[in-house]
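**Q** Sequence:
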Amino acid sequence: MRCPTVALACGWLGWNLARAASPVGSLSLPVQDGRFAPDQPRAIAAPPGDSGGETAARASRDSFRTLPYLQNVHSRGITVMWERDGQQEARVEYGASANHGFAVPATVEASGFGTFIYRAVIDGLEPDREYHFRVAPTEADVPDRVFRTAPEELTAFSFAVWSDSQGVNRGAYAPDPYEPTVSMMAHMAASGIDFAVTAGDLAEDGASYADTRAYYLDRVARHLGQTVPWFVAWGNHDRGRDAVIRKFADLPSKDRRGFTPGYGSYSFDYAGCHFVCLDYATMRTDITVWLESDLSSEASRNARFTFLFVHVPPYCELWFDGDSDLRSRLVPLLERYGVDVCFSGHTHEYSRGYRHHVHYCVTGGGSWLDLPEQLVVDWPHMTVGGQHAIPGVSRPGEDRGGGLINEYVRVEVTPAAFTARMIGFDPSGKAVGVLDEFSSAPPLLSLDASGASRASLLLRWSGGVGPFQLQRTVDPMAGPWEDFGSVRNTGGGSVRLGSSGIEPAFFRLLDLREP
Numbered sequence: 039m040r041c042p043t044v045a046l047a048c049g050w051l052g053w054n055l056a057r058a059a060s061p062v063g064s065l066s067l068p069v070q071d072g073r074f075a076p077d078q079p080r081a082i083a084a085p086p087g088d089s090g091g092e093t094a095a096r097a098s099r100d101s102f103r104t105l106p107y108l109q110n111v112h113s114r115g116i117t118v119m120w121e122r123d124g125q126q127e128a129r130v131e132y133g134a135s136a137n138h139g140f141a142v143p144a145t146v147e148a149s150g151f152g153t154f155i156y157r158a159v160i161d162g163l164e165p166d167r168e169y170h171f172r173v174a175p176t177e178a179d180v181p182d183r184v185f186r187t188a189p190e191e192l193t194a195f196s197f198a199v200w201s202d203s204q205g206v207n208r209g210a211y212a213p214d215p216y217e218p219t220v221s222m223m224a225h226m227a228a229s230g231i232d233f234a235v236t237a238g239d240l241a242e243d244g245a246s247y248a249d250t251r252a253y254y255l256d257r258v259a260r261h262l263g264q265t266v267p268w269f270v271a272w273g274n275h276d277r278g279r280d281a282v283i284r285k286f287a288d289l290p291s292k293d294r295r296g297f298t299p300g301y302g303s304y305s306f307d308y309a310g311c312h313f314v315c316l317d318y319a320t321m322r323t324d325i326t327v328w329l330e331s332d333l334s335s336e337a338s339r340n341a342r343f344t345f346l347f348v349h350v351p352p353y354c355e356l357w358f359d360g361d362s363d364l365r366s367r368l369v370p371l372l373e374r375y376g377v378d379v380c381f382s383g384h385t386h387e388y389s390r391g392y393r394h395h396v397h398y399c400v401t402g403g404g405s406w407l408d409l410p411e412q413l414v415v416d417w418p419h420m421t422v423g424g425q426h427a428i429p430g431v432s433r434p435g436e437d438r439g440g441g442l443i444n445e446y447v448r449v450e451v452t453p454a455a456f457t458a459r460m461i462g463f464d465p466s467g468k469a470v471g472v473l474d475e476f477s478s479a480p481p482l483l484s485l486d487a488s489g490a491s492r493a494s495l496l497l498r499w500s501g502g503v504g505p506f507q508l509q510r511t512v513d514p515m516a517g518p519w520e521d522f523g524s525v526r527n528t529g530g531g532s533v534r535l536g537s538s539g540i541e542p543a544f545f546r547l548l549d550l551r552e553p
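Position in the sequence shown (from 1) plus 38 gives the number in this note's numbering.
Take the hints with a grain of salt, since some may be wrong.
To be verified - Cβ pair distances, simulated, as ranges:
hint	residue 1	residue 2	range
1	Asp416	Ala136	49 to 59 Å
2	Ala427	Asp293	40 to 50 Å
3	Met515	Thr193	29 to 39 Å
4	Glu520	Ala469	41 to 51 Å
5	Asp293	Val512	50 to 60 Å
6	Glu168	Pro418	40 to 50 Å
7	Ser532	Val512	16 to 26 Å
8	Phe140	Val415	52 to 62 Å
9	Gly162	Pro418	34 to 44 Å
10	Thr193	Pro518	38 to 48 Å
11	Phe140	Gly209	45 to 55 Å
12	Glu373	Asn137	48 to 58 Å
13	Phe140	Ser432	26 to 36 Å
14	His395	Glu450	12 to 22 Å
Quick caveat, the hints were computed from the structure, so don't treat them as lab data. Predicted model, so just to flag it, every value in this text is computed and none were measured. Note that the Cβ used here is the ideal one computed from N, Cα and C, for glycine as well.
The whole structure should be built from the sequences, with the hints applied where relevant.
**A** See the structure below:
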């Protein structure tokens, strides 16, 4: 057990409260519909016909098929990509102001579907600095834009996580089948995040240019990527190495021998944190031959926090119980090397839990939801979504999941802690607010003296994930600490101290989570 002691000295005379706080240290399954599946049918509606997405008409009269978008940001550079109908010499001009002053040529690759993919890799920049850029030659209506390089020093930043933004909403909002995904991407971009990460399945079929256009380029690249760079932990619907969707990415996998900018697992660092993205197509081998060396690297060992992204969840309660191979081979590495959060998708819902110091978060609400699927298991440590209802989220039935909502997760990181908040959306794309939150921060005790008397006082706490045991002592150095009240299974709570509990004393919350 770990004991984050946050002590309160409660002086009796005149409710003169002195408070002192100390910080805490802190295999394969059968496949159906292209996803891992248990041995029962899935109630899946067929996707609509071959749609070019919301920009198809514009693309026919505009030489830009896909406007410039940002990839692979790091402390010394970034990649700018775009797509055109034709092939030509092109460059990206960049600099500290709109006057630019520097330029880098773009490489050109045929998409295989009558268009051309442009890629300009900018390097040699300064960390944590804003730069202007523009593509040249360009149409007059493509403006100068800005990006910011990654910090190397410990500093506050934020990022967003989503998964399974494939496909349409399957009738959940008939006026626009591409909602709420479009609005979610725009919401992320407008929220001030520094970058985003997705746990994959970005098109129903990543080998289809029509799907890549409708579900990836016209949504993620257009509404998020023009202002915010993103990273990908590829999913099974993104298909294999040569799938067209992978040609539209520039990721750190290119720095590993035998892999490409759109194929393979990789890691990167941002402001003192370590990020690991596992590719569904290579993860079995990567877990065996690469992942442990990465997690044991100096960058990972010295990181404030380590976040890992894998498409298929190790633990799940809706539709299937998670991936048993990941539970046997990946989970021990997460625990051994202190990974803080394992993000995933695959199941189209939101759920999360906490086990052996690792948060597990399934954020699969990027497009259509697994409304018809049934609950199949009850993992004791999965405490939100799945078997458990989330306030504000309707549940289709007792045997249906409690986290069936479109959503993404925004993570705020400071030098001391991170806080992850799930932001929900209704099918029309309207944000409904923060519906769940989890954090690395210890619980904080506070005294509420409002309405206090000589007979009672209210003690509150918030933060953390629980369970916790409230304890009391008259001497915090010598003890002993005595349990006060019952075990609390949530990260927030309160207790009213009566006449027997308000003599001069120190209080703390004992963390009862598994070591």
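**Q** Now tell me, hint by hint, if it's right for this structure.
**A** Right, here's what the structure says about each hint:
no., hint, verdict
1, Asp416 to Ala136: 49 to 59 Å, "holds, 57 Å"
2, Ala427 to Asp293: 40 to 50 Å, "holds, 44 Å"
3, Met515 to Thr193: 29 to 39 Å, "holds, 36 Å"
4, Glu520 to Ala469: 41 to 51 Å, "holds, 46 Å"
5, Asp293 to Val512: 50 to 60 Å, "holds, 58 Å"
6, Glu168 to Pro418: 40 to 50 Å, "holds, 47 Å"
7, Ser532 to Val512: 16 to 26 Å, "holds, 22 Å"
8, Phe140 to Val415: 52 to 62 Å, "holds, 55 Å"
9, Gly162 to Pro418: 34 to 44 Å, "violated, 51 Å"
10, Thr193 to Pro518: 38 to 48 Å, "holds, 42 Å"
11, Phe140 to Gly209: 45 to 55 Å, "holds, 49 Å"
12, Glu373 to Asn137: 48 to 58 Å, "holds, 52 Å"
13, Phe140 to Ser432: 26 to 36 Å, "violated, 53 Å"
14, His395 to Glu450: 12 to 22 Å, "holds, 20 Å"
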